[in-house]
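Novice: Read top to bottom, the protein sequences are chains A and B. Counting in this note's numbering, the first sequence runs from 7 upward without gaps. Counting in this note's numbering, the second sequence runs from 7 upward without gaps.
No lab work stands behind these hints, which were simulated from the structure alone. Each residue gets a CB set at the ideal place from its N, CA and C atoms; glycine is no exception. Just so you know, not all the hints are guaranteed correct.
As the list claims (entries may be wrong) - Straight-line Cα separation of at most 20 Å, SDA-like style, residue types lysine to any residue; simulated pairs:
1) A:Lys20 <-> B:Thr21
2) A:Lys97 <-> B:Thr21
3) B:Lys111 <-> A:Ala186
4) A:Lys136 <-> A:Ile164
5) A:Lys55 <-> B:Lys108
6) B:Lys108 <-> A:Ala245
7) A:Lys111 <-> B:Thr21
To be verified - Cβ pair distances, simulated, as ranges:
8) B:Ala186 <-> A:Leu105: 49 to 59 Å
9) A:Asp90 <-> B:Ser57: 40 to 50 Å
10) B:Ala248 <-> A:Ser280: 44 to 54 Å
Said to hold, decoys possible - To spell it out: a stretch of chain B is covered by chain A in this simulated footprint if at least three of its residues, at any positions, have a beta carbon under 8 Å from a beta carbon of chain A; those stretches are:
11) 63-69
12) 74-81
13) 121-135
14) 178-192
15) 259-265
2 protein chains.
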Amino acid sequence: MELTILGCHSATPKTNTHPTAQVLNIKNHLFLIDCGEGTQVQLRRCRIKFSRIKHIFISHLHGDHYFGLIGLISTFMLLGRDTDLHIYGPKGIKEVIMLQLKLGKAWFNYPIIFHELESKSSELIFEDDKVSVHTVPLKHRVYTNGFVFKEKLGERKINIEAVKNANIDLSYFQKIKQGADIKNEMGKMIKNKSITFDPEPPKSYAFCSDTQYFPECIPTIKNVTVLYHESTFLEEHKALCANTRHSTAKDAAKIAKEASVKQLILGHYSTRYSNIEAFKEEAKEVFDQVELAKDGKVFQI
Amino acid sequence: MELTILGCHSATPKTNTHPTAQVLNIKNHLFLIDCGEGTQVQLRRCRIKFSRIKHIFISHLHGDHYFGLIGLISTFMLLGRDTDLHIYGPKGIKEVIMLQLKLGKAWFNYPIIFHELESKSSELIFEDDKVSVHTVPLKHRVYTNGFVFKEKLGERKINIEAVKNANIDLSYFQKIKQGADIKNEMGKMIKNKSITFDPEPPKSYAFCSDTQYFPECIPTIKNVTVLYHESTFLEEHKALCANTRHSTAKDAAKIAKEASVKQLILGHYSTRYSNIEAFKEEAKEVFDQVELAKDGKVFQI
Numbered sequence: 007m008e009l010t011i012l013g014c015h016s017a018t019p020k021t022n023t024h025p026t027a028q029v030l031n032i033k034n035h036l037f038l039i040d041c042g043e044g045t046q047v048q049l050r051r052c053r054i055k056f057s058r059i060k061h062i063f064i065s066h067l068h069g070d071h072y073f074g075l076i077g078l079i080s081t082f083m084l085l086g087r088d089t090d091l092h093i094y095g096p097k098g099i100k101e102v103i104m105l106q107l108k109l110g111k112a113w114f115n116y117p118i119i120f121h122e123l124e125s126k127s128s129e130l131i132f133e134d135d136k137v138s139v140h141t142v143p144l145k146h147r148v149y150t151n152g153f154v155f156k157e158k159l160g161e162r163k164i165n166i167e168a169v170k171n172a173n174i175d176l177s178y179f180q181k182i183k184q185g186a187d188i189k190n191e192m193g194k195m196i197k198n199k200s201i202t203f204d205p206e207p208p209k210s211y212a213f214c215s216d217t218q219y220f221p222e223c224i225p226t227i228k229n230v231t232v233l234y235h236e237s238t239f240l241e242e243h244k245a246l247c248a249n250t251r252h253s254t255a256k257d258a259a260k261i262a263k264e265a266s267v268k269q270l271i272l273g274h275y276s277t278r279y280s281n282i283e284a285f286k287e288e289a290k291e292v293f294d295q296v297e298l299a300k301d302g303k304v305f306q307i
Numbered sequence: 007m008e009l010t011i012l013g014c015h016s017a018t019p020k021t022n023t024h025p026t027a028q029v030l031n032i033k034n035h036l037f038l039i040d041c042g043e044g045t046q047v048q049l050r051r052c053r054i055k056f057s058r059i060k061h062i063f064i065s066h067l068h069g070d071h072y073f074g075l076i077g078l079i080s081t082f083m084l085l086g087r088d089t090d091l092h093i094y095g096p097k098g099i100k101e102v103i104m105l106q107l108k109l110g111k112a113w114f115n116y117p118i119i120f121h122e123l124e125s126k127s128s129e130l131i132f133e134d135d136k137v138s139v140h141t142v143p144l145k146h147r148v149y150t151n152g153f154v155f156k157e158k159l160g161e162r163k164i165n166i167e168a169v170k171n172a173n174i175d176l177s178y179f180q181k182i183k184q185g186a187d188i189k190n191e192m193g194k195m196i197k198n199k200s201i202t203f204d205p206e207p208p209k210s211y212a213f214c215s216d217t218q219y220f221p222e223c224i225p226t227i228k229n230v231t232v233l234y235h236e237s238t239f240l241e242e243h244k245a246l247c248a249n250t251r252h253s254t255a256k257d258a259a260k261i262a263k264e265a266s267v268k269q270l271i272l273g274h275y276s277t278r279y280s281n282i283e284a285f286k287e288e289a290k291e292v293f294d295q296v297e298l299a300k301d302g303k304v305f306q307i
């Protein structure tokens with residue numbers, strides 16, 4: 007799993023800071039999470055192939071999280087895309103995108119499938135044989151969801167030496183991977199565990215932005231491998247959190263700790279801070295495994 | 007008069023090319039013309055003060071001309087703007103902006119006054135004592151206007167030496183500037199022309215993008231000082247103009263010549279061209295005074 011931070015700053019784009027957008031590479035899917043203004047240029051800068059993006063997840067309808075979406079959709083058209091695009095986001099997202107396409111008399115060369123969200127409980131919004139995606143309801147000024155992306159438990163790994171020694175026919179490989187016990191050439195039943203290794207433990211990634219300190223989300227993100235949690239402010243400006251419904255670095259660390267995640271990534275820094283190292287220091291007082299998101303940074307998960 | 011090109015490329019923003027946006031500084035107004043995605047960052051890069059922009063002119067509702075508008079409006083809010091913002095653009099622009107503000111539950115700390123355009127004839131859309139702005143109806147795939155910005159004839163310039171020699175009281179200065187003949191201290195009527203110089207001849211700027219070759223616009227832009235005219239393609243790709251309703255560099259030069267403008271600026275280059283010098287060469291075969299728009303370039307008019 008690989009996470010590319012395209013932008014991790016709040017509010018307004020500047021010459022050297024970009025609003026929220028990130029790409030999660032999970033089991034060969036490229037999932038785009040949020041899409042602030044300028045995301046398509048950041049995708050180019052990070053050399054991410056546009057055609058591989060088939061699913062876009064929008065947390066909420068504040069501009070710094072989705073004003074780049076209509077431009078990306080338009081560019082997909084100009085590039086001659088013909089494959090489906092799935093967009094998951096709050097109710098209203100379809101209306102605003104379709105209105106802009108209608109006003110521009112844009113021709114449609116590929117299908118856009120909108121999955122509008124309005125539930126206040128976590129729900130499964132994407133699933134295939136390798137990955138699931140659930141919403142993480144958050145608490146912000148407008149209806150907002152985070153998302154939790156989970157790998158499914160993979161197939162068992164074949165112990166080739168053991169299979170040979172057990173005299174098992176090669177044609178059983180697929181069944182063995184799926185965990186079946188197998189009769190060998192002499193008719194003896196061989197236990198699967200004796201000829202396979204455990205699969206890699208599945209990894210998971212939770213994206214939580216924007217939100218105030220909201221421990222109600224913990225059951226949904228419990229034990230994830232990596233949590234990205236917004237930290238718009240430092241504790242010294244905690245008073246600003248109440249009206250704006252944002253979190254401090256300490257709030258984020260508390261969520262990470264209570265959810266027993268392995269690693270926390272901070273982001274969505276207010277533009278009032280010129281030095282973001284202080285976010286890491288503040289969070290580390292509560293939770294040790296902290297990293298700072300930076301535009302263009304790639305995290306291996 | 008000063009024209010800053012924020013972006014002059016067509017279609018999709020890239021790492022080093024920006025979609026259409028420009029700022030015209032005319033008689034102390036900063037007029038923003040078109041506002042493709044990323045315009046607010048280009049404004050920062052060109053060190054243009056956001057608060058000085060009070061009028062935004064949008065030619066048409068294709069994304070590369072207005073997808074940056076909602077982001078700029080939002081940033082104005084975040085910066086605490088409290089002065090009026092006037093937006094001139096095709097019918098529909100109000101609906102799309104207001105919908106996005108509504109979905110984001112954006113608070114309004116300044117008034118936005120929409121001037122929606124739907125006339126197919128040129129009309130006066132802004133006027134004060136120093137400047138007028140008229141639409142220039144163009145021909146594109148969607149309803150499109152260019153704009154012509156004209157200085158009004160300024161006050162006459164006082165010839166201080168002549169005024170002294172004619173024994174005229176200082177209190178008449180304002181009247182002299184306005185062109186009045188004045189009785190001097192001895193009661194003799196002094197002709198205004200003998201104590202003043204002509205004002206600077208008023209300058210004018212026409213913006214014509216996007217459009218196919220459309221000579222019907224010539225009466226509206228006749229004799230302007232500077233014409234910016236789109237040139238999406240070179241003649242070698244003229245066949246593409248019919249469907250896309252764009253112009254070639256040669257088309258732009260023909261309009262410049264027929265309208266007897268003093269200078270032509272080309273822009274809105276298709277991203278298929280890596281070298282834009284060929285646009286200038288092609289236009290020069292028809293009209294001599296040609297310049298190439300480039301992102302970040304400033305033209306003194």
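Novice: When the hints from earlier in the document are held up against this structure, which numbers fail?
Specialist: 2, 3, 5, 6, 7, 13, 14, 15
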